[in-house]
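**Student:** One line per chain: the protein sequences are A and B, in this order. Going by numbering that gives the first Met the number 0, the residue at position 32 of the first sequence is 31; the numbering climbs one at a time, nothing skipped. Going by numbering that gives the first Met the number 0, the residue at position 32 of the second sequence is 31; the numbering climbs one at a time, nothing skipped.
Just so you know, these hints were derived from the structure itself, not from any lab. Worth double-checking, as some hints may not be accurate.
[As the list claims (entries may be wrong)] Derived pair list, reagent style DSS-like, types lysine-lysine, alpha-carbon separation capped at 25 angstroms: (1) LYS1/A <-> LYS123/A; (2) LYS123/A <-> LYS16/A; (3) LYS68/A <-> LYS172/B; (4) LYS172/B <-> LYS155/A; (5) LYS172/B <-> LYS121/B; (6) LYS16/A <-> LYS87/B; (7) LYS123/A <-> LYS172/B; (8) LYS121/B <-> LYS155/A; (9) LYS16/A <-> LYS1/A; (10) LYS155/A <-> LYS16/A; (11) LYS68/A <-> LYS1/A; (12) LYS121/B <-> LYS87/B; (13) LYS79/B <-> LYS171/B; (14) LYS68/A <-> LYS171/B; (15) LYS87/B <-> LYS171/B; (16) LYS121/B <-> LYS79/B; (17) LYS171/B <-> LYS121/B; (18) LYS123/A <-> LYS155/A; (19) LYS121/B <-> LYS68/A.
[Unchecked claim] Anything over 10 angstroms on all C-beta distances counts as not near chain A; from chain B, calculated: (20) ALA70; (21) ALA131; (22) GLU142; (23) LEU181.
Yeah, the Cβ is synthetic: ideal placement off N, Cα and C, and Gly gets one too.
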Amino acid sequence: MKCVDIPAFLREDHEPKTRCERLSAALGGFQCENESVAPGISPGIIALDEPLVRYLLEDHIEEMPDGSKAVKPNAFSHAGTNGMSVDRRRHISNTHAAAEVARNYVGYVLATCANIRDIQAEGKRCFAVYDTALNINPAHADICQCVFAPKSQQAKYRRRLKDVFDRFPTPFEELSKSQEYLPTPPRSLCKVLVDRLKSLFRRRSAG
Amino acid sequence: MNHQLPLTLIVLANLPPTWGVGCDSPVLGDLVYEARLPTAMIDGHPDATASLLPGIAAEAGVQLLGPISPAHELDVLAGKLLSFGGYKPNWDGEQACSPSDDGVYDAIDFLSFLPQGIPTPKPMVLASGDVALYWDDGPLYAEIGFDGSHTYYAYAERPGSAAVHLDDEPIKKGFPPAVLALLGGGGTFVERAAA
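Extracted from the complex, chain B is given alone in its bound form:
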């Protein structure tokens, strides 16, 4: 498993067929999309010389431009998750288990799948030692947790929608679309293209 901090990259979408000679300049909002690509999609070290794995560019119609700085909130979140690695057994005085290194790094890896357009989740450590990310906005609740097995569980509910229950999902499958639908995020270009 890749234990790198979340990576944000810019991808350039294929120009729409309607864009042509008469246009002075492209409308960036229509053409350039910022997406955090899963490291599994990147060939080689994620720097300027990195390239998308064969098939990804053709499939999604994207071009890798290079890494940009991770958003500040994600930086803070990744830092908080890293700090969980220092929790010892009985960290709360009530015999809570300490998080495993793999649990912490699985959660950090998962940050690279967070879609655009949704709030930054909050982190927590459960008494079982599982590390979890959650969104709690009154009636809307979602939780995605990691126990170090390189899989996650997900639970989400919102009034008027069917609750989401996922277990033992491989992290490399990325952010669960059903949870994204409840959170109301629009998804990244890559996710929309892959949908």
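For reference, chain A alone in the conformation it holds in the complex:
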């Protein structure tokens, strides 16, 4: 399988329960994390320090006895089946955020890409993270489990994944209020624009 085939594979019509397991067997490694799997749509490969946002439904949140809310482990169970969708916080667009609200998400939790990729069990990495950008949401990425074992072991991997995300959910509305949330062009793009403006000024001054 080629890396660019990953987004389509994770959205195929066949048995969703085993998509990540079949993907892992087909790839046999983590080489596709080092190139974009959605070139032309994705903002680029995912940097290790990138914060990733996992949106939460009511069913992913548990009410604690003291009235606070905690995230349930099932919020992370898609990583072991058909891929766990996350958004790359630095690339979320306002339009997409509004659409997510419409889908009744009630909160979110954050983790950095490096912490997810660092999760290991018996000396093997447990999860891969791919930049599976969508046309309607270029910030989209997928977390896929890549070691498979009896269910009691998979519960452990899920637990480890949960542990690298925030323990308590942040209300969804906070995402759009956050200053960091506002989409900012990549630094390289800014530099290109500044350089071009400078050269234009230079030409006009010279003319």
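With chain A held as given, fit chain B onto it using these hints.
**Tutor:** Showing chain B alone in chain A's frame:
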């Protein structure tokens, strides 16, 4: 598989040999134990006329008194588990599988094995459609899941103790003692007697 709601019964333990004529009244805490018996231990319909299966009473030294109302929290939990039966495929908008009826009822059946002295677990449905009960108290975590095959998997960990991994355990084997040990429950009289 028996698809009944959790059943709580009162069992009366054998009197200790030290209890005798000089005692005005028994200290109930020492003599009467409330235990949720697995339905597999009950002969006939679980009502006042039910009796323990031959061998159980002699083995555990207990007498069946009759059913009492299930604890409210268990009632709520059983209701929540039942509601999972209404989950359709793609219930979360991310192509999650729906739980099977057997998965839901296996979890409900398992409630009858919950020992005394441990917190009531929380229920959840996983993306695979498995139904699971879990306890999450910071460093202490335990999860017991059901996929409808009348077996369960169990995973539990607590700092300083070896993690517990069990797979394909028949539900009729009851609550896993290794998980109970991590959760710190004292167990029911029947479980202590059977240990």
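**Student:** Run every hint past the structure and note whether it holds.
**Tutor:** Now the hints, each set against the structure:
{"no.": "1", "hint": "LYS1/A <-> LYS123/A", "in the structure": "holds, 23 angstroms"}
{"no.": "2", "hint": "LYS123/A <-> LYS16/A", "in the structure": "holds, 22 angstroms"}
{"no.": "3", "hint": "LYS68/A <-> LYS172/B", "in the structure": "violated, 34 angstroms"}
{"no.": "4", "hint": "LYS172/B <-> LYS155/A", "in the structure": "holds, 22 angstroms"}
{"no.": "5", "hint": "LYS172/B <-> LYS121/B", "in the structure": "holds, 21 angstroms"}
{"no.": "6", "hint": "LYS16/A <-> LYS87/B", "in the structure": "holds, 15 angstroms"}
{"no.": "7", "hint": "LYS123/A <-> LYS172/B", "in the structure": "violated, 33 angstroms"}
{"no.": "8", "hint": "LYS121/B <-> LYS155/A", "in the structure": "holds, 17 angstroms"}
{"no.": "9", "hint": "LYS16/A <-> LYS1/A", "in the structure": "holds, 21 angstroms"}
{"no.": "10", "hint": "LYS155/A <-> LYS16/A", "in the structure": "holds, 18 angstroms"}
{"no.": "11", "hint": "LYS68/A <-> LYS1/A", "in the structure": "violated, 41 angstroms"}
{"no.": "12", "hint": "LYS121/B <-> LYS87/B", "in the structure": "holds, 21 angstroms"}
{"no.": "13", "hint": "LYS79/B <-> LYS171/B", "in the structure": "holds, 22 angstroms"}
{"no.": "14", "hint": "LYS68/A <-> LYS171/B", "in the structure": "violated, 34 angstroms"}
{"no.": "15", "hint": "LYS87/B <-> LYS171/B", "in the structure": "violated, 28 angstroms"}
{"no.": "16", "hint": "LYS121/B <-> LYS79/B", "in the structure": "holds, 9 angstroms"}
{"no.": "17", "hint": "LYS171/B <-> LYS121/B", "in the structure": "holds, 21 angstroms"}
{"no.": "18", "hint": "LYS123/A <-> LYS155/A", "in the structure": "holds, 13 angstroms"}
{"no.": "19", "hint": "LYS121/B <-> LYS68/A", "in the structure": "holds, 13 angstroms"}
{"no.": "20", "hint": "ALA70", "in the structure": "holds, 16 angstroms"}
{"no.": "21", "hint": "ALA131", "in the structure": "violated, 8 angstroms"}
{"no.": "22", "hint": "GLU142", "in the structure": "violated, 5 angstroms"}
{"no.": "23", "hint": "LEU181", "in the structure": "holds, 13 angstroms"}
Hints 3, 7, 11, 14, 15, 21 and 22 from the earlier list are contradicted by this structure; the remaining hints agree with it.
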